[in-house]
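From first to last, the protein sequence lines are chains A and B. Taken in order, the first sequence gives residues 0 to 512; the numbers are from numbering that gives the first Met the number 0. Taken in order, the second sequence gives residues 0 to 512; the numbers are from numbering that gives the first Met the number 0.
The hints are simulated quantities; they were obtained by calculation from the structure and are not laboratory data. Watch out, some of these pointers could steer you wrong.
The list makes no distinction among identical chains, and a pair is therefore deemed to hold if it is satisfied within one copy or across any two copies.
[Claimed, not checked] Straight-line distance between alpha carbons at most 30 Å, and here's what the computed DSS-like set of lysine-lysine pairs gives: (1) Lys284 / Lys129; (2) Lys63 / Lys35; (3) Lys441 / Lys284; (4) Lys253 / Lys284; (5) Lys253 / Lys281; (6) Lys458 / Lys129; (7) Lys35 / Lys441; (8) Lys63 / Lys427; (9) Lys179 / Lys284; (10) Lys441 / Lys458; (11) Lys441 / Lys281; (12) Lys63 / Lys129; (13) Lys35 / Lys284; (14) Lys129 / Lys35; (15) Lys458 / Lys63; (16) Lys253 / Lys221; (17) Lys427 / Lys35; (18) Lys281 / Lys35.
Protein chains: 2
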Amino acid sequence: MNGAESLVKTLVAGGVEVCFANPGTSEMHFVAALDKVPGIRCVLCLFEGVATGAADGYARMADKPAATLLHLGPGLANGLANLHNARRARTPIVNIVGDHATYHLQYDSPLTSDIEALARPMSSWVRTSKDARMVGADAADAISVAKSAKGEIATLILPANTAWTEGGVVAVVPPPMAAKPVPDEVIREVAEALQAGSAMLLVGGKALRHRALQLAAAIGLKTGQQVMAISRNPRIERGAGRVTIDRIPNPVEKSIDRFNALRTLILVDEDAPVAFFAHPGKPGKLTSATCNILTLAAASDDIVGALEALAERLGARVSDVPRQALTRPDIPTGALNLENIGRALGALLPEHAIVCDESITSGRTFFASTQGAPPHDWLQLTGGAIGLGMPMAVGAAVACPTRKVINLQADGSGMYTLQALWTQAREKLNVLTVIWANRSYKILHNEFSNVGAGQPGDKASSMLSLDNPALDWVSLAKGMGVEGVRVTTMAELTSALQAGVQQTGPFLIEVSL
Amino acid sequence: MNGAESLVKTLVAGGVEVCFANPGTSEMHFVAALDKVPGIRCVLCLFEGVATGAADGYARMADKPAATLLHLGPGLANGLANLHNARRARTPIVNIVGDHATYHLQYDSPLTSDIEALARPMSSWVRTSKDARMVGADAADAISVAKSAKGEIATLILPANTAWTEGGVVAVVPPPMAAKPVPDEVIREVAEALQAGSAMLLVGGKALRHRALQLAAAIGLKTGQQVMAISRNPRIERGAGRVTIDRIPNPVEKSIDRFNALRTLILVDEDAPVAFFAHPGKPGKLTSATCNILTLAAASDDIVGALEALAERLGARVSDVPRQALTRPDIPTGALNLENIGRALGALLPEHAIVCDESITSGRTFFASTQGAPPHDWLQLTGGAIGLGMPMAVGAAVACPTRKVINLQADGSGMYTLQALWTQAREKLNVLTVIWANRSYKILHNEFSNVGAGQPGDKASSMLSLDNPALDWVSLAKGMGVEGVRVTTMAELTSALQAGVQQTGPFLIEVSL
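Please put together the full structure from these sequences, using the hints given.
Here is the structure:
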């Protein structure tokens, strides 16, 4: 057994079932091992940013890591932006990055670069295997790190000779770092703060799943305090039968309004709220100077356990929490505008849909209009590195083949990783992509004045516009084997959505805004 | 004057005329400054890998740096693969990477990452501006580093508040590090080695321009020794009236055959030859253990001066060197195969064409068949990170608007940065893209057995194939505003090439192989 086979066997033994891959020469033995060792589904991506974004989407839905297979430093570099997003979502991922044979590095041949240095900013754990005999154990450590309660990105660099040399040993995955119990004194302190009033539970990450949300809502109901989430989250379980959670609006002024009167902000798998960007003259920290920030549970803690203990101490009962009713909007008629589009999504979202939302400016009304739809998951861009939506949809569809994935996609962001459509076609993934074709980096029109740059002149305007030439998404999709349609009226959009959610396999709707 | 304006004015004063950009919020003041300060052409790219690859192509043709404008760590990360290629080509580039305001970094807001760490592996020089007053001076240093004789990548990180704060000062660019004269004793040692026989001049980098090639050929002619280049080069001036140089074949065995009998290998702006990848049981170093390797001139040296001194010492005269005759192949008839395609390129390549060659496996015959075409430049992938061809064509066309750029493009590599086609359409760039649609990572079929992995099984084969679904490049181009045609016969290809070289603006030919 060579090192590559021991790696694949260790991945299988460690519960890694999927590998999103763009291999090169240095990864050929790993690819060969996939033929010999059953148990891994290998999904080819035509760009590494698709592979890493897909691994993020997969793990958000499967709650376990996928592997990626990347080709040396440049292949890893191409995947870093979506690893950045995954890191911010606390998504577990095991990256396998091929490198030159250890004895070949001395020659500094053309594809040589400092892979560890490139990996570190977006990884919690980086290791280069030194020897075929160590590859299995190294892979096991990587899986263990990724599977820790917090959710980590582990990057294992595999020199080609450690892959092809005999002597590989399959390793048992060490127990991942378990969620830490939250001490009683923290529970007590948080309980007292809630009872004192002027408090808010700010709930994020894994606390946005149904069980945790019920508990948080029960605590809020019992104490009369607010329960909120921020506006960008890795995955929210929502819709009819679930507990609806409000989100803090994104603009700095509006978020400050929400936080301003608080005496205590209580974090549940969430960071203290800060402005996404600095804007001249506006604060970076969104809470007031006098606000006391407590952490009930961090990502590495037993979040549900902490909420249960807090609910018990307060006498808060999940059974008292009202569930979201099934209340869909009517299918709208009239103009094709964002408000009506939001209603159409609310009216037509299928049960158990997985919404991969990279709508950016276009999507601001969609969250509210879909809250009474049948139960579904809502996945968002967490790290701000655009180009996640289409790859994330690939990963979510691989994780949940029986569910409909709906990718709400801004056009400018979509262009970053449009190669994902090819993988959707190849794997016949059940993804409906809806492109908001405003033909502009519209968010930057607002940001231009937010940062005090005034009004854009001719050159600046042209840097924010995608209309010359207009992108033709139906042709782009066709070029990668995905059927699509362009809609210019509300009636056309409605029937395209109706058809799209029925269709098996990928479909794309370009909405001319 | 704010920091951003001082930056733009310093760039203009330093001779930087073009900026390949994908800006975000943190770069809005730079964008605003472009409206206020004339002298920079700002070219929007819909992905950062396009921007960095375009900057590479631009500088290879303009012999001076362009700037890039990139958005924080993820934006830089998206551009790293083509910066890797540029570094291997010794291309000068000034990267401007926006960052959060200095005082905002403490909050670790979602887009925060370690930009300096990401920049270092692909940059010779990295600096973060600390203050609006320093931005001009920092930019001047960056330009100076980039313009050094060697050709360097300088990355300047610009926190948003250093861009928007008043107090900017335009700086004068310090003199770049000049080319170092080569000592007489080196000239003498090389001359003696050539006279002793069994020697080869291995010529690369800047030494592949007309004047240096003439000198190298004269030296070879006078001493009866070989003059060769490797198979991947940043830019060769070639064709009728130029000096033709042979290239070392790429496979390890064949290159070893060429180097094996040498007593002395003399490097002229080239590295000692090594295998691109390690292959089991094959050497990494391509010269024999007894071969003496001398460096006549490194990239930072006065290369032409060294060749002139060597020629003079040897009594070698440029006027004795035979020039390449104009000898085009006839337009081929018959089957659409790589040999005939090579002939068609040789028959139809227009005068002063700039060939951006990322043909990978398909292009192996094209170099020989075009050597008697009218004078032209041939630009290649130097660093092995695929996805350079289309962006490089953008940059070359911006640098040389009156010349025809011909991008010979493998399909798998083309998919990495296909967004470049949109910029070609937007800027009406004179680029003819020819896609070799073999629908496979064909090079990996060979590498699979080269690394001893045997024959690919079903899963491995599927990782190397792009045929399910087939990419439709005519639709992909149409989606980005570029007209295209698919050809399936030699006659169709010939007439498409004839039309394509006549057309002004971008055009794409998909060649079904």
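Pop the pair Lys441 and Lys284 into one bin, within, between, both or neither, using alpha-carbon distances up to 30 Å.
-> within (25 Å within a copy, 53 Å between copies)
When no copy is named, should Lys63 and Lys35 be tagged within, between, both, or neither for a Cα gap of at most 30 Å?
-> Answer is within; shortest intra-copy Cα gap is 24 Å, inter-copy 51 Å.
Alpha-carbon proximity context of Lys253 and Lys281, limit 30 Å = Classified as within: same-chain Cα gap 12 Å, cross-chain 65 Å, threshold 30 Å.
30 Å Cα cut-off: does Lys129 pair with Lys35 within a copy, between copies, both or neither?
-> within (23 Å within a copy, 55 Å between copies)
What label fits Lys281 with Lys35 when the C-alpha limit is 30 Å: within, between, both, or neither?
-> Between copies only: 25 Å across chains, 59 Å inside a chain, cut-off 30 Å.
Is the C-alpha distance from Lys284 to Lys129 at most 30 Å within one copy, between copies, in both cases, or in neither?
-> Intra 44 Å, inter 22 Å, cutoff 30 Å: inter-copy only.
With 30 Å as the alpha-carbon cut-off, assign the pair Lys253 and Lys221 to within, between, both or neither.
-> within (26 Å within a copy, 79 Å between copies)
Within, between, both or neither: Lys35, Lys441 at alpha-carbon 30 Å | Classified as between: cross-chain Cα gap 22 Å, same-chain 49 Å, threshold 30 Å.
Since the copies are identical, ignore which copy is meant and state whether Lys63 and Lys427 lie within 30 Å (CA to CA) inside a copy, between copies, both or neither.
-> Answer is within: at 22 Å inside a copy they meet the 30 Å cutoff, but 47 Å across does not.
Taking 30 Å as the upper bound on the Cα-Cα distance, should Lys458 and Lys63 be classified as within, between, both, or neither?
-> Classified as between: cross-chain Cα gap 23 Å, same-chain 46 Å, threshold 30 Å.
Check Lys35 against Lys284 for me: Cα-Cα at most 30 Å, and say if that holds within a copy, between copies, both or neither.
-> Result: close neither inside a copy nor across copies, 54 Å intra and 33 Å inter.
Please work out whether the CA atoms of Lys179 and Lys284 approach to 30 Å or closer within one copy, between two copies, in both situations, or in neither?
-> within (28 Å within a copy, 52 Å between copies)
Checked against the numbered hints listed earlier, the structure breaks hint 13 alone; every other hint is satisfied.
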